[in-house]
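From first to last, the protein sequence lines are chains U and W.
So for the first sequence, the working numbering puts the first residue at 10; every next one is plus one.
So for the second sequence, the working numbering puts the first residue at 2; every next one is plus one.
These are computed hints drawn from the structure, not numbers from a lab.
We put the CB at the ideal spot given by N, CA and C, even for glycine.
Hints should not be assumed to be uniformly reliable.
Claimed, not checked - Below, a sample of chain U positions facing chain W; criterion: calculated Cβ distance under 7 Å:
no.	residue
1	25
2	26
3	29
4	30
5	105
6	106
7	127
8	129
9	132
10	152
11	156
12	169
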Amino acid sequence: MTTRVVVLDYGSGNVHSVVRMLERIGAEVELTADRDAVLAADGLYVPGVGNFHACMTGLRAVGGDELVRTRLAGGRPVLGVCVGHQVLFEGSAEPSVGGAVPGIGCWTGSVVRLEASVVPHVGWTTVRVPIGSVLFAGVERERFYFVHSYAARDLPAARWRDGAAPLVSTAEHGREFVAAVEDGALRGTQFHPEKSGDAGATLLENWRKSL
Amino acid sequence: MAVSVAVRVIPCLDVDAGRVVKGVNFENLRDAGDPVELARRYGGQSADEITFLDITASSAERDTMYDVVSRTAEEVFIPLTVGGGVRSVDDVDRLLRAGADKVGINTGAIARPDVIAEIADRFGSQVLVLSADVRRATDGHFEVTTHGGKRSAGIEAIEWCAHAAHLGAGEILLNSMDADGTKSGFDLELIRAVRREIGIPLIASGGAGTAQHFVDAVDAGANAVLAASVFHFGQVTIAEVKAALRAAGHPVR
Numbered sequence: 010m011t012t013r014v015v016v017l018d019y020g021s022g023n024v025h026s027v028v029r030m031l032e033r034i035g036a037e038v039e040l041t042a043d044r045d046a047v048l049a050a051d052g053l054y055v056p057g058v059g060n061f062h063a064c065m066t067g068l069r070a071v072g073g074d075e076l077v078r079t080r081l082a083g084g085r086p087v088l089g090v091c092v093g094h095q096v097l098f099e100g101s102a103e104p105s106v107g108g109a110v111p112g113i114g115c116w117t118g119s120v121v122r123l124e125a126s127v128v129p130h131v132g133w134t135t136v137r138v139p140i141g142s143v144l145f146a147g148v149e150r151e152r153f154y155f156v157h158s159y160a161a162r163d164l165p166a167a168r169w170r171d172g173a174a175p176l177v178s179t180a181e182h183g184r185e186f187v188a189a190v191e192d193g194a195l196r197g198t199q200f201h202p203e204k205s206g207d208a209g210a211t212l213l214e215n216w217r218k219s220l
Numbered sequence: 002m003a004v005s006v007a008v009r010v011i012p013c014l015d016v017d018a019g020r021v022v023k024g025v026n027f028e029n030l031r032d033a034g035d036p037v038e039l040a041r042r043y044g045g046q047s048a049d050e051i052t053f054l055d056i057t058a059s060s061a062e063r064d065t066m067y068d069v070v071s072r073t074a075e076e077v078f079i080p081l082t083v084g085g086g087v088r089s090v091d092d093v094d095r096l097l098r099a100g101a102d103k104v105g106i107n108t109g110a111i112a113r114p115d116v117i118a119e120i121a122d123r124f125g126s127q128v129l130v131l132s133a134d135v136r137r138a139t140d141g142h143f144e145v146t147t148h149g150g151k152r153s154a155g156i157e158a159i160e161w162c163a164h165a166a167h168l169g170a171g172e173i174l175l176n177s178m179d180a181d182g183t184k185s186g187f188d189l190e191l192i193r194a195v196r197r198e199i200g201i202p203l204i205a206s207g208g209a210g211t212a213q214h215f216v217d218a219v220d221a222g223a224n225a226v227l228a229a230s231v232f233h234f235g236q237v238t239i240a241e242v243k244a245a246l247r248a249a250g251h252p253v254r
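Using the sequences and the hints given, assemble the complete structure.
In structure tokens, the structure reads:
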């Protein structure tokens, strides 16, 4: 049975590679922000590069924040990647030219600037994966490609969604930060699986199979 | 430590009118193949990133590069940086839409430094690699050059890198024009001098001839190492560079 994935189209950077990678791992992919298509898809992939507030402005312009909430209310899978992962939190400490825009707020708390001698964190880094991870099955020890200056520091119980106990994977750049979250239907990765070669392909295939 | 970011090993493909070329000191160009084919080969050899440098002289042939980028992004699933002829936010937009993950800017930023901030504000610092072609001036300081190292831009190189980082560049690609093509090693003094002044990733380029040269560049402070002809002509393989880095205690993928 084919798995239909919508990549949310809201003018975010390079989605070309995302679409090709999802096709490579066997998904039927549509790049759109059409409400019916987004809600009907087996999985919704929320990309995001650049400034947090600019991304949120773009997301809101296509009603993306509401579409994510509606899908999650019905237990429908959503995967946020990079800034598409960050916007699942309440906000970001990243400076904004046009004024601060709140995140979608699935998890409380904000993303903060990385504390390291070299920022942005650019390159391939290993991830500490908790037992029971579905996304990282078979690639627990691989490196994934990160490019970011901000991240969630942690995800303590006080910030969880109601009734959920998410699996949190972490990575380190100067200090530990949240690399991925598996929270029922809601998943997010701070790294770019679509740019992480074979390891990224396996992770996305694991996600597709879970849909 | 297994948890820290790996040193990136980056093959650079100089592309003219859709073909990969690389000469000694940017002259005597030799054809080293099809860019998409080479990128795919390097992707399979555990390159951590691919850089395309568009050296096409005429703007009429620029469209060829968008096609090369697009075809590469369809089958190589590692980061792709594209530089050459970038002068404006619109140029960056076109390259990102074609499938580039990051964009290199060089002469365009020297001509108008504010374009760095404009690009960073629109797309984020992480898309922007400031590329600096640097040589030693007769009085011993480092200066920025244009036109493939032939002309001085009248700018002190270390200050320029620091200023570019301040304006919003996400990484510095530091190319030594003195070392480029010599295969006698990176300019380690230059790498150390820039490393001291910037807190963004530093990619060292120019002069690689042996696997040990890459280790020396990382010891001097580079976060990533880039080379062209030594990889294209098989004098050193990416695997050999990574083995040398690993043996020296640097994390690699």
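Hint check:
no. : hint : in the structure
1   : 25   : holds, 4 Å
2   : 26   : holds, 5 Å
3   : 29   : holds, 5 Å
4   : 30   : holds, 6 Å
5   : 105  : violated, 10 Å
6   : 106  : holds, 6 Å
7   : 127  : holds, 6 Å
8   : 129  : holds, 5 Å
9   : 132  : holds, 4 Å
10  : 152  : holds, 5 Å
11  : 156  : holds, 5 Å
12  : 169  : violated, 25 Å
In summary, the numbered hints that this structure violates are 5, 12.
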